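As they're listed, the protein sequences go chains F and L.
Note that the numbering used here gives residue 210 to position 224 of the first sequence, counting from 1, and the numbers run on in steps of one.
Note that the numbering used here gives residue 132 to position 121 of the second sequence, counting from 1, and the numbers run on in steps of one.
For the record, the hints were derived by calculation from the structure and aren't laboratory data.
Fair warning: this is a prediction, and the values are worked out from it, not measured in the lab.
For glycine and all other residues, C-beta sits at the position ideal for the given N, C-alpha and C.
Treat the hints with care, since some could be wrong.
Listed below are the simulated SDA-like cross-link pairs for lysine to any residue, each with C-alpha atoms no more than 20 Å apart in a straight line [to be verified]:
hint, chain 1, residue 1, chain 2, residue 2
1, F, Lys56, L, Arg119
2, L, Lys64, F, Ala32
3, L, Lys64, F, Ala145
4, L, Lys64, F, Lys56
5, F, Lys201, L, Thr126
6, L, Lys64, F, Arg34
7, F, Lys201, L, Arg117
8, F, Lys93, F, Lys(-7)
9, F, Lys56, L, Val98
10, F, Lys(-7), F, Val124
11, L, Lys64, F, Gln134
12, F, Lys201, L, Arg119
13, L, Lys64, F, Ser150
14, L, Lys64, F, Glu35
Residues from chain L shown here face chain F by an in silico Cβ test under 10 Å; the list is partial [to be verified]:
hint, residue
15, Gly47
16, Leu48
17, Val50
18, Pro53
19, Ala55
20, Asn62
21, Val66
22, Asp68
23, Ala72
24, Ser74
25, Ile112
26, Asn118
27, Gln121
Here chain F is said to cover these stretches of chain L; the calculated rule only asks that three of the stretch's residues, wherever they fall, bring their Cβ under 8 Å from a Cβ of chain F [unchecked claim]:
hint, stretch
28, 34 to 40
29, 75 to 81
30, 98 to 108
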Amino acid sequence: MQAMIGKMARMYPLLVLMGFMIVAIAFVVGYFNSQTAAAYFAASKAVRETTLMAQRASIESTGLWLPYFKFLGIGLLMGGIVMALRVIIDNLRAAGQEVLGNLPAEKRPALPTPPWYAPLMPMVMMLGEVIFVAALIVGLSLAGIARQVFAHPIPEIDAAGAGSALLAQAQTIQSVAAWLVPFKFLGVATEFLAIVMGLATIIFILGAQTEMIDKGIQVARTVRAEVNQKTAKV
Amino acid sequence: MTTTQPQSPTSGWQLRVFPLFTLLGWVLILVSFLIGLFVLAPAAASYWGGNAKAVRDAADAGSALLGQLQTLNVIPRWLEPLTFLGVASFMLGIALEFSTIPSLLRNRGQVLSATFPLIVKLGGK
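Work out the full structure: start from the sequences and follow the hints.
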C-alpha cells in the first residue's frame, strides 16, 4: 500500500498542474461571469427583473459553484505539495538505507520506526480532496436550483409565499450555502494538516539520520579497532 | 586537520510550539464549520422558509424574523475572519516547522565534517 502511494506520489507535478489549470479556468469563467453582470446591470431595474432572467440565473448559479471549483484547484495544488513532501521523505529514507547498507549487517543499527503520523499523511490529503469534491458537487446542485429559481421574474420570486416551491428552493440555497462556505475551509484545514504531518516527518528523519551517522561512526570505530587487534595478533 | 565537534541535534522551541498552532488552526476552522452548520444554516432555513418577501420586509423590531436576519448578517462578519485566523494558525505552524530545518542541516553538516576525516583515515589504510 505504502509502496503504491510512494509510486503515485512521484506524479505530484500532474496534481500541481491540474490544480493550477483549474484555478486559471475559474479566473476565465469569473471574467465571463463579470461580463454577463456588466450587461445585466446596464439595463434598468424593470427590464432586469422581468426580462433578463437568463442572465440573472447565469450570474447567480455561477456564483454558487465557481468558488468550490476554485477551491478544488487550490486543494489539488496543496495535494501536490503533500505528495512532493512524500517524495522527499521516500528519498531521504532510501538514502539512509543505502548509507547503512555499507555497515556489516550484524553491527548495522536498525532504521528508526517512522512516527505514527507518517503513513497517515496521504490518507489525510485524500480526505481533504474528498471534502473539496463533495463541496463542488453540492455547489453544482445548488447552482442547478438557482437556475430554476432565477428563471422566474424577480417579482414572482418575491411574491412566493409559504409552502411554495420557489420559497423552498430559495431556503435550500441559503441554508446549504451557510454551512458549505466553512465546509470548504475544513478541506483547506485537512490539506494543511497533511502538509504539517509531512514536514514533521521530514524533520524527524533529518534528526534521526544525523544521530544515525553518529552511531555509524561509532560502529566504524569499533570495527576498525577489532581489525587492528586481529592484525596485531597475526 | 581541524574538525568541528558535532553536538547532538537539539529540538528547538519551534518543534514544541508548532503542534499547538496546528491544533488551534484545526479547532478554529472546525468551530466555524459547526457554527455554519448548527447556527447559520437553521437561521437561514427559518428566515427563508415559509416567509414571503413582504413578510420578511415587514418584520418588526424584536421579532424572531428580524433576529434571524440579524444572525445571518452579523455572524458571517466575524466568522470569516475567524476561519482565516485558523488558516493563519496552520501557516504559522508550518513556518515554525520550516524554521527548524536549517539548524538540523547545520548539525548534520557538523556531523559530516567530523565524519570525513575518519573516512579519509580509514580509506587511506
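Hint check:
1. F/Lys56 with L/Arg119: violated, 41 Å
2. L/Lys64 with F/Ala32: It holds: about 18 Å lies between the C-alpha atoms, which stays within 20 Å.
3. L/Lys64 with F/Ala145: Cα-Cα ~6 Å, so holds.
4. L/Lys64 with F/Lys56: Violated, at about 32 Å.
5. F/Lys201 with L/Thr126: Roughly 11 Å separates the two Cα atoms, so the pair holds.
6. L/Lys64 with F/Arg34: Holds, because 18 Å separates the two Cα atoms, which is no more than 20 Å.
7. F/Lys201 with L/Arg117: holds, 18 Å
8. F/Lys93 with F/Lys(-7): It is violated: about 31 Å lies between the C-alpha atoms, which goes past 20 Å.
9. F/Lys56 with L/Val98: holds, 17 Å
10. F/Lys(-7) with F/Val124: Between F/Lys(-7) and F/Val124 the Cα gap is close to 32 Å, so the pair fails against 20 Å, i.e. violated.
11. L/Lys64 with F/Gln134: OK: L/Lys64 and F/Gln134 at ~18 Å, within 20 Å.
12. F/Lys201 with L/Arg119: holds, 13 Å
13. L/Lys64 with F/Ser150: holds, 12 Å
14. L/Lys64 with F/Glu35: holds, 15 Å
15. Gly47: holds, 4 Å
16. Leu48: holds, 4 Å
17. Val50: At 8 Å from the nearest chain F Cβ, L/Val50 passes the 10 Å test, so the hint holds.
18. Pro53: It holds, given that the least Cβ distance between L/Pro53 and chain F is near 7 Å, below 10 Å.
19. Ala55: It holds, given that the least Cβ distance between L/Ala55 and chain F is near 4 Å, below 10 Å.
20. Asn62: holds, 7 Å
21. Val66: This hint holds: L/Val66 lies near chain F, its Cβ roughly 8 Å from the closest one there, short of 10 Å.
22. Asp68: At 9 Å from the nearest chain F Cβ, L/Asp68 passes the 10 Å test, so the hint holds.
23. Ala72: violated, 22 Å
24. Ser74: violated, 16 Å
25. Ile112: L/Ile112 check passes; min Cβ-Cβ to chain F is 7 Å, inside 10 Å.
26. Asn118: holds, 6 Å
27. Gln121: holds, 9 Å
28. 34 to 40: That given contact holds, which follows from 3 residues of the stretch 34 to 40 of chain L lying within Cβ reach (below 8 Å) of chain F.
29. 75 to 81: As far as the stretch 75 to 81 of chain L goes, the hint is violated, because 0 residues have Cβ atoms under 8 Å from chain F.
30. 98 to 108: With 6 residues close enough to chain F, the hint holds.
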